[in-house]
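A.B. asks: Using the sequences plus the hints, can you model the full thing?
Okay, so the sequence shown: first residue is 1 according to my numbering, each after it adds one.
One thing to keep in mind: the hints can contain errors.
[Stated by the list, open to error] Ranges of calculated distance between the beta carbons of each label pair, as one might list FRET restraints: (1) 337 / 291: 47 to 57 angstroms; (2) 421 / 149: 52 to 62 angstroms; (3) 506 / 438: 20 to 30 angstroms; (4) 127 / 438: 54 to 64 angstroms; (5) 285 / 8: 45 to 55 angstroms; (6) 484 / 437: 25 to 35 angstroms; (7) 105 / 415: 49 to 59 angstroms; (8) 129 / 337: 20 to 30 angstroms; (9) 262 / 527: 47 to 57 angstroms; (10) 484 / 446: 15 to 25 angstroms; (11) 389 / 149: 54 to 64 angstroms.
What the hints contain is simulated information worked out from the structure, not anything from laboratory work. These figures come from a predicted structure and were not determined experimentally. Here a beta-carbon is modelled for each residue, glycine too, at the ideal position from N, C-alpha and C.
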Amino acid sequence: MLTVLDASAVRRWCHAAADALAAHRNEINDLNVYPIADGDAGTNLAHTLRSAAEAVSGDRSAGAGSVLQAMAQGAVFGAQGNSGGIISQLLCGFAQAFADLIEGDGQALVAGLRAASDAAYAAVPAPVEGTMLTVLRAAAEVAEQLLASDSAAELATLIRAGADAAEAALRRTPDQLEVLARAGVVDAGGRGVVVLLDELAAVITGQPAARGPIRPVARNRAALEIAREAGSAEFGYEVQYLLHAGEDAVSTLKATLAELGDSLLVAGTGSGLYNVHVHVNDVGAAIEAGIEAGRPHRITVVRFADQIAAEPAADVRTGVALVAIAPGEGLSELLRSEGVSVIEAGGLSVERVLAGLLDTGAGQLILLPNSLEYGGLAEQAAELAREQGLQVAVVPTKSPLQAMAAVAVHDDGRRFEDNVIAVAEAAAATRFAEVSIAEADSITYAGRCSAGDVLGLIDGEVVEIGQDITAMGISLVSRLVAAGGELVTVLAGADPAAGQAAQAIERYLRERHPLVEVTGLAGGQPHCPLLIGVE
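C.D. replies: Put into structure tokens, the structure is as follows:
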């Protein structure tokens with residue numbers, strides 16, 4: 001659990017939020033009836049945060065404030081739609097509150113929530129309650145009240161209280177906005193705010209975000225059609241562009257666009273770059289106003305009639321994909337080279353696994369967790385994917401070696417059910433061992449071990465304790481081969497000694513078991529010097 005929010009934590013939040021919004025994209029799209037029922041709020045939010053994540057990936061700043069500034073600038077640059085523009089201003093407010101801070105405590109976090117709320121409200125000329133603005137303000141107010149009553153409140157307590165308040169406010173949005181009540185949904189943008197704050201809470205507390213998706217509570221098709229006709233009925237086009245301009249010129253631009261249309265949002269970074277969004281009938285006038293103010297570019301125009309004529313088409317997903325969770329770059333590359341979609345194990349969450357499943361574009365998926373540790377996450381993500389109409393089977397692999405055996409028999413040409421059976425049988429037939437290093441004193445099935453001892457595990461259980469990686473690897477492979485097997489695979493981890501140990505095991509097998517085929521590969525797994533599989 002974190003006591004301060006530093007640069008590393010901000011980066012983790014940014015990437016986790018981008019993954020989570022991608023995972024919740026379809027859910028949020030399905031809630032989207034205000035300000036226009038075009039079913040793209042989730043897509044817009046996901047695109048906006050992905051742009052922020054790309055900006056953060058290229059930033060090497062050491063301070064939380066600097067990373068937040070990069071995150072905010074990336075969001076403004078990539079903001080799509082009204083919801084994307086507002087979320088970018090939320091991030092700009094956060095960045096402003098942290099300013100030059102290397103790290104922020106609870107007071108900085110609360111100041112960030114308040115600044116985020118104020119910036120979001122300021123970006124909208126005519127704020128409407130029952131929207132993402134209301135949800136964000138609720139988080140700020142509750143966090144402020146908690147800090148006022150307890151000045152020593154911990155960072156984790158404050159963000160959890162703020163996120164819970166946001167979720168409660170989201171549930172109340174149908175009571176505040178009639179169009180939501182008619183359609184039986186909560187506000188789509190507000191749901192995005194809850195996802196964003198939940199991911200920040202997960203980074204700070206170290207506990208995965210646990211809220212499930214929010215589905216329409218009483219989806220009324222006739223009322224939804226009324227909402228579609230009522231939403232922004234006076235204006236037929238959405239105009240959006242990036243604008244380089246001075247502050248005075250932007251003030252004039254806001255006044256001009258406010259006369260031309262509604263749903264106006266001008267989101268800025270404080271560096272002369274603005275993302276302009278407005279609903280109008282006179283597209284040319286909206287663009288000309290931007291030209292008079294400065295230099296517009298990346299201009300997009302959407303005709304609402306093209307979107308509202310029918311329900312948004314569901315994603316068309318076809319084909320079968322094999323998806324694996326993998327520790328280490330080397331192992332990831334090995335699996336990708338075999339056509340497997342890989343989810344990196346670092347900082348894993350349900351949302352990241354779900355995003356990995358959705359990103360394949362496939363309708364049928366076989367998920368390989370490759371560790372007892374990730375089995376629960378895999379099952380939760382699979383269930384969420386099934387709720388979105390995908391067919392997902394989790395094959396409970398306990399080691400990446402079992403995944404590699406599964407890959408070898410995977411065949412898109414089979415019926416999905418038969419393919420799952422073949423993959424599961426191949427994985428189950430692969431016995432596996434690993435050499436690891438004890439991180440602390442402990443009691444194992446093989447006796448007491450001390451921190452730094454070399455542990456030998458077979459099928460996940462400690463069977464031997466020693467001091468040398470090579471000797472342990474040879475002992476384990478000898479045990480496995482003695483029980484039968486024709487193919488041995490040895491994956492060397494990131495430890496420099498692992499490569500030499502893997503070579504020694506290969507020599508041992510060729511000398512003592514010449515009929516056994518052995519393959520040595522660079523797995524690059526960070527916490528396990530050797531992984532050994534026998535088929």
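A.B. asks: Would you mind marking each hint as holding or not holding in the structure?
C.D. replies: Verification of the supplied hints:
Look at residue 337 against residue 291: about 50 angstroms separates their beta carbons, and that is inside 47 to 57 angstroms. A C-beta distance of roughly 58 angstroms is found between residue 421 and residue 149, which places it inside the suggested range of 52 to 62 angstroms. Distance hint for residue 506 and residue 438: a CB-CB separation of about 26 angstroms, consistent with the stated range 20 to 30 angstroms. A beta carbon spacing of about 57 angstroms between residue 127 and residue 438 agrees with the range 54 to 64 angstroms that was offered as a hint.
As the Cβ distance of residue 285 to residue 8 is approximately 47 angstroms, the hint placing it in 45 to 55 angstroms holds. Evaluation of the 25 to 35 angstroms hint for residue 484 and residue 437 yields a pass: the beta carbon distance comes to about 29 angstroms. At about 57 angstroms, the beta-carbon gap between residue 105 and residue 415 stays in the expected band of 49 to 59 angstroms. The hinted window of 20 to 30 angstroms between residue 129 and residue 337 is violated, with their beta carbons roughly 53 angstroms apart.
A hinted range of 47 to 57 angstroms holds for the C-beta pair residue 262 and residue 527, which are about 55 angstroms apart. Between residue 484 and residue 446 the beta carbons are some 23 angstroms apart, a value that agrees with the proposed interval 15 to 25 angstroms. Take residue 389 and residue 149: their Cβ atoms lie about 46 angstroms apart, and the range 54 to 64 angstroms is violated.
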